[in-house]
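Residue numbers (the numbering used here): 536 to 650.
For the record, the hints were derived by calculation from the structure and aren't laboratory data. Each statement offered as a hint is correct.
Here are the simulated lysine to any residue pairs, SDA-like style, with alpha carbons at most 25 angstroms apart:
id	residue 1	residue 2
1	K599	S552
2	K621	G544
3	K631	I563
4	K578	R601
5	K599	A549
6	K610	Q536
7	K631	G600
8	K631	V547
9	K631	S552
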Amino acid sequence: QVQLVESGGGLVQAGGSLRLSCAASGTIFSINTMRWYRQAPGKQRELVAGITSGSSTNYADSVKGRFTISRDNAKNTEYLQMNSLKPEDTDVYYCKFFWGARQYWGQGTQVTVSS
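Generate coordinates for the entire structure from the input sequences, incorporating the hints supplied.
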């Protein structure tokens, strides 16, 4: 069984920065993809950024140039560096780790950006 533990959320003023972490433990296939999603109450979960085990990345248009996704394969951990945060970035952020038909989600971490 794979478990994901997220950390790093919190309250920050607009223009500030936060760094989220997601550590995976358990039996993990070496070729995998890690992603960050976010979700506001009553809205669909949306993809923020993704990174493959080969370090190819993709970003939602709304965060390009402000957020950076990275990973440490030795630690099975992914990170989301969030800079120039805006109030509209306020959401619960979830990490996802998957390969083939297997997918695992973190518990979510709240990010709140005050204006």
